[in-house]
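So the sequence lines, in the order shown, correspond to chains X and P. The numbering of the first sequence is my numbering, which starts it at 1222 and goes up by one. The numbering of the second sequence is my numbering, which starts it at 1222 and goes up by one.
No lab work stands behind these hints: they were computed from the structure. No experiment lies behind these values; they were computed from the predicted model shown. Please note that a few of the clues may not be correct.
[Claimed, not checked] Derived DSS-like pairs: lysine-lysine, alpha-carbon spacing no greater than 30 Å straight-line:
#1 X:1244 x P:1406
#2 P:1613 x P:1243
#3 X:1406 x P:1247
#4 P:1374 x P:1316
#5 X:1289 x P:1374
#6 P:1406 x X:1316
#7 X:1292 x P:1376
#8 P:1468 x P:1244
#9 P:1376 x X:1289
#10 P:1289 x P:1538
#11 X:1290 x P:1246
#12 P:1246 x P:1289
#13 X:1316 x P:1374
#14 X:1538 x X:1292
#15 X:1289 x X:1556
#16 X:1406 x P:1613
#17 P:1556 x X:1374
#18 P:1246 x X:1406
#19 X:1376 x P:1292
#20 P:1290 x X:1376
#21 P:1538 x X:1316
#22 P:1316 x X:1406
#23 P:1406 x X:1243
#24 X:1406 x P:1244
#25 P:1468 x P:1499
#26 X:1406 x P:1376
#27 P:1613 x X:1289
#28 P:1290 x X:1374
#29 P:1376 x X:1290
#30 P:1247 x P:1538
#31 P:1316 x X:1376
#32 X:1406 x P:1292
#33 P:1289 x X:1406
#34 P:1244 x X:1292
#35 X:1613 x P:1376
#36 X:1406 x P:1290
#37 X:1374 x P:1316
#38 X:1376 x P:1289
#39 X:1292 x P:1374
#40 X:1247 x P:1406
There are 2 protein chains.
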Amino acid sequence: MSMQPHRVVIIGGGFGGLSAAKKLKKTPTHVTLIDRRNFHLFQPLLYQVATGALSPADISSPLRGILKKAKNVQVLMAEVTDIDPQTREVVMDEKRFRYDSLIIAAGVRHHYFGNDEWEAHAPGLKTIEDATNIRSRILSAFERAELETDPQKRKSLLTFVVVGAGPTGVEMAGAISEIAHLTLKDNFRNINPADTRILLVEGVENVLPSYPVSLSHKALNTLQNHHIEVRTQTFVTDIQPGRVTLKHGDQVETLEAETVLWAAGVLASPLGKFLAEKAGATLDRFGRVMVQPDLTIPGHPEIFVVGDLAHLEMDGKLLPGVAQVAIQGGAYAAKVIQKRLQGTSMDKPFRYTNFGNLATIGWSSAVADLPFRIRLWGFMGWLFWVFVHLMKMVEFENRVVIFVQWVFNYFTRNRSARLITNEWAVDLTATEAESTPAEWVTEPD
Amino acid sequence: MSMQPHRVVIIGGGFGGLSAAKKLKKTPTHVTLIDRRNFHLFQPLLYQVATGALSPADISSPLRGILKKAKNVQVLMAEVTDIDPQTREVVMDEKRFRYDSLIIAAGVRHHYFGNDEWEAHAPGLKTIEDATNIRSRILSAFERAELETDPQKRKSLLTFVVVGAGPTGVEMAGAISEIAHLTLKDNFRNINPADTRILLVEGVENVLPSYPVSLSHKALNTLQNHHIEVRTQTFVTDIQPGRVTLKHGDQVETLEAETVLWAAGVLASPLGKFLAEKAGATLDRFGRVMVQPDLTIPGHPEIFVVGDLAHLEMDGKLLPGVAQVAIQGGAYAAKVIQKRLQGTSMDKPFRYTNFGNLATIGWSSAVADLPFRIRLWGFMGWLFWVFVHLMKMVEFENRVVIFVQWVFNYFTRNRSARLITNEWAVDLTATEAESTPAEWVTEPD
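Pulled out of the complex, with its shape left as it was, chain X reads as follows (with noise of 0.2 Å):
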């Protein structure tokens, strides 16, 4: 007798799609994985991408290639463009695909609190292309300041705001800072890259607000030493093309600064409204969708949400938007599918096992808490976190190629990526004008 096999759909093909794709492998399930892109990315490393030390490469891994061996999985690159509970159906455009179970871990973006006209002016940090759209608007404000001849457009140029301190945004500030006084020394003729001011800005009162006060501190006395003035209980009420607002109690102040980076807030993929229209699921405020102990939501057992995308408190914590929650979670749906096949059903709820939160403020310094208790910071910690981000790529290749520019880095402190690509490149083709950023030769001299 031949079954059809089990239809598990899993949307997405980051850390929790890809956990849940590995586990169901050689499991008696037809497995289907969609992303809208052809590769897995490590997020963690994605500052480092935006900041020239690694190419874009190495922190992806083709979905294809990591599941070639995994008969029973096929990817597909689409988009996800509709879910329908009722038929047990997920639309991709005019395609339909039916599922049995259904996996979501499409994950997040950035949020800008009602202020998306914001997002122009202040690019965050979610995708490859984001990545290097912020590298080149990083690298061609020194550009621009080198051939700039008034003083005050120069400064502005010089001038660099990160809004939020979480580990994003304390490592962002961390690498421009190192760009500016190691990569970039002797680079220019006209203007001293050390001379470029950092802003890292924080809404509540320490950096890494996730992470226990004593680390927060380090990472406060850390950030000073790389000359970043760090501004906490500080809110950015307004962003104009080369000028951002901020408020610090009753104080407001207006800053002229060309670039500024967004690592403040996430918003949930738009899949979590369908599941809300749909299935009746409810959304936190940032669009997460709030998920039941075993990660399903109410009424659909066999839909799962794991990752940035769902809201899950254990102990009375909302779970973080990290990596090992989403693994974990994937996991957990992979095998509560299996169990249920097996004719048994899970009695555990999801738990997450904290293996620990780390956060590298420049080269060689980083603050890491651990279990029991342990905390590293300074060049402990940057050491732990280089072993721990080398060990869990996904690709042996990867590990090496990152691993052979690290040593470069740390010996050189050069930083080999430093591309200006494509709009921000100066015009290349006539048809490019529009894009193209020409203010910096508007005043004749």
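Starting from the structure of chain X, add chain P where the hints point.
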């Protein structure tokens, strides 16, 4: 007595311009190197980026980094919009820059023989963006074929036409064959990438027409062993989206092919036109500047043209558009300037020393045409090719990273930089809608 140093302006940071700048280091000159990009590109390996074997940064070196110790050299990222030989000024938008000597090394772009409308459907390979776009096109074709249910359309998606069988065309065709037969093996569930059809179209009688006939024949053999259909004495008469028309003698054939790549002709930078209009220089039919044996233009001993933009015959043969001609030309121009500053003059005309020509065909096969009638092919030719290209990289770090990736590539046939990026990725935001390839889901089924 403090004299203003002799001002040299170099336009272009490719092989010719960089070679001149390096040669002028530590001479009593003030050198300004102007390029639209902030990096030097190692163009001979660009096809490896276009086919996912290497990352853009692997073959790029920041110009400022290369020249940071050359204290008399300033790098400007800007576009030259005009040249005024009367006032001896280079114009960058509203900015003007005086020179005493000018070295123009602005290179070429691809040329569609009067059919500029073909460019959109058959991109050429000159810039990093060209390479990442071609990479995305090639990989997207396989992704779309996997989703396609119409066998006719699927066949068209798996048909690749490379126009022009010079080194670039041969290398592109070889690399696509490798992707189809080795890299993507077992990666798909609905298609077999080995069904891919690859055509290499050349107008003249032999592939690699600038090589000795014996090597051309060896190359033809290798191409055919790689399942590439070679069509010589065949011309492209029309290119439409998804369709290309070929003409061989009186035979006309129209092929359905989603991916057409252009490696057939080059056209000189528009800077040549300025020289023709303002300094009376003569251009050949591809817009290259006819230079005198000392690489200057008639009546302007202070204006040098080097590299692909220069048209010079030696021993009755036009110098080819290869890296070595540019490197040697740039160094020669620098030497002439230096001699003049010493009050002597260069008595020898420019002589190009040909160290050999190399082209790879897929992995582990290449042809090499070397001095003393030494000819290598197959694996030996390839080993030589690997050695030469690694040694020629500007930066040691690039050398190591490329070596690591080639070792992995050799043993695993993997191409780790298989990323579909920018507008070729499936729609990431609503605003990109018009530029994304959406046709793959047009047939409801």
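So, going through the hints one by one against the coordinates:
no. : hint            : verdict
1   : X:1244 x P:1406 : holds, 23 Å
2   : P:1613 x P:1243 : holds, 15 Å
3   : X:1406 x P:1247 : holds, 20 Å
4   : P:1374 x P:1316 : violated, 52 Å
5   : X:1289 x P:1374 : holds, 24 Å
6   : P:1406 x X:1316 : holds, 26 Å
7   : X:1292 x P:1376 : holds, 24 Å
8   : P:1468 x P:1244 : violated, 48 Å
9   : P:1376 x X:1289 : holds, 22 Å
10  : P:1289 x P:1538 : violated, 38 Å
11  : X:1290 x P:1246 : violated, 54 Å
12  : P:1246 x P:1289 : holds, 11 Å
13  : X:1316 x P:1374 : holds, 16 Å
14  : X:1538 x X:1292 : violated, 39 Å
15  : X:1289 x X:1556 : holds, 21 Å
16  : X:1406 x P:1613 : holds, 26 Å
17  : P:1556 x X:1374 : violated, 39 Å
18  : P:1246 x X:1406 : holds, 19 Å
19  : X:1376 x P:1292 : holds, 24 Å
20  : P:1290 x X:1376 : holds, 25 Å
21  : P:1538 x X:1316 : violated, 58 Å
22  : P:1316 x X:1406 : holds, 26 Å
23  : P:1406 x X:1243 : holds, 19 Å
24  : X:1406 x P:1244 : holds, 23 Å
25  : P:1468 x P:1499 : violated, 41 Å
26  : X:1406 x P:1376 : violated, 53 Å
27  : P:1613 x X:1289 : violated, 36 Å
28  : P:1290 x X:1374 : holds, 27 Å
29  : P:1376 x X:1290 : holds, 25 Å
30  : P:1247 x P:1538 : violated, 35 Å
31  : P:1316 x X:1376 : holds, 20 Å
32  : X:1406 x P:1292 : holds, 13 Å
33  : P:1289 x X:1406 : holds, 8 Å
34  : P:1244 x X:1292 : violated, 57 Å
35  : X:1613 x P:1376 : violated, 39 Å
36  : X:1406 x P:1290 : holds, 10 Å
37  : X:1374 x P:1316 : holds, 16 Å
38  : X:1376 x P:1289 : holds, 22 Å
39  : X:1292 x P:1374 : holds, 25 Å
40  : X:1247 x P:1406 : holds, 20 Å
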